[in-house]
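Q: Sequence:
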Amino acid sequence: MKTMTVREVSRGRKTKVNAKTTYRTASGEWVAEVDGTEFRQACSYVCQGVRDCVCENLEVQADQDDDGKEYRVLSR
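Residues 19 to 94 (the working numbering) make up the sequence shown, in order.
Don't take each hint at face value.
As the list claims (entries may be wrong) - Distance windows between CB atoms, simulated:
(1) V27 / Q59: 14 to 24 Å
(2) V27 / E47: 29 to 39 Å
(3) E74 / G46: 14 to 24 Å
(4) E88 / R29: 16 to 26 Å
Claimed, not checked - Simulated pairs of lysine-lysine, PhoX-like, Cα-Cα distance not exceeding 20 Å:
(5) K38 / K20
(6) K87 / K32
(7) K20 / K87
(8) K20 / K32
(9) K38 / K87
(10) K87 / K34
(11) K34 / K20
Hints are computed from structural coordinates only; laboratory data are not their basis. Keep in mind the model is a prediction, meaning the values are calculated, not measured. Beta carbons: idealized from backbone N, C-alpha and C, even for Gly.
Full structure from sequences and hints, please.
A: Below, the structure is given as structure tokens:
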């Protein structure tokens, strides 16, 4: 598992989720597979009080050894 930081950019609120796996797609996009319930809770927390906050638009980065790559979250 890889610990990821989920951040809402305008207010800077952030929290952590655990990715089951991460990989790069053929098109070069980085993907983090996260438990759906865990990601919904993270989204609810970071979007609290933020107008027009959308889970799919949150910034998601690995905590360590990743050179600042941004990930798209695939929740299952």
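Q: Would you mind marking each hint as holding or not holding in the structure?
A: Hint by hint, here is what the structure shows:
Between V27 and Q59 the Cβ separation comes to about 19 Å, which falls inside the hinted range of 14 to 24 Å. Separated by about 19 Å at the C-beta atoms, V27 and E47 break the suggested range of 29 to 39 Å. For E74 and G46, the Cβ-Cβ distance of about 19 Å falls inside the hinted range of 14 to 24 Å, so the restraint holds. In this structure, E88 and R29 meet the distance hint of 16 to 26 Å, their C-beta atoms being roughly 18 Å apart.
Using a Cα cut-off of 20 Å, the hinted pair K38 and K20 holds, with the two alpha carbons roughly 7 Å apart. Straight-line distance between C-alpha atoms of K87 and K32 comes to about 17 Å, which keeps the hinted pair within the 20 Å bound. The straight-line distance between the Cα atoms of K20 and K87 is roughly 13 Å, inside the 20 Å bound, and the hint therefore holds. For the proposed pair K20 and K32, the alpha carbon gap of about 16 Å is at most 20 Å, so the pair holds.
A threshold of 20 Å between alpha carbons decides the hint, and for K38 with K87 the separation of about 17 Å falls inside it, so the pair holds. Pair hint K87 plus K34 holds up; C-alpha atoms about 16 Å apart against a cutoff of 20 Å. With a C-alpha separation of about 10 Å, the suggested pair K34 and K20 falls inside the 20 Å cut-off, and the hint holds.
The earlier numbered hint that this structure contradicts is number 2, and it is the only one.
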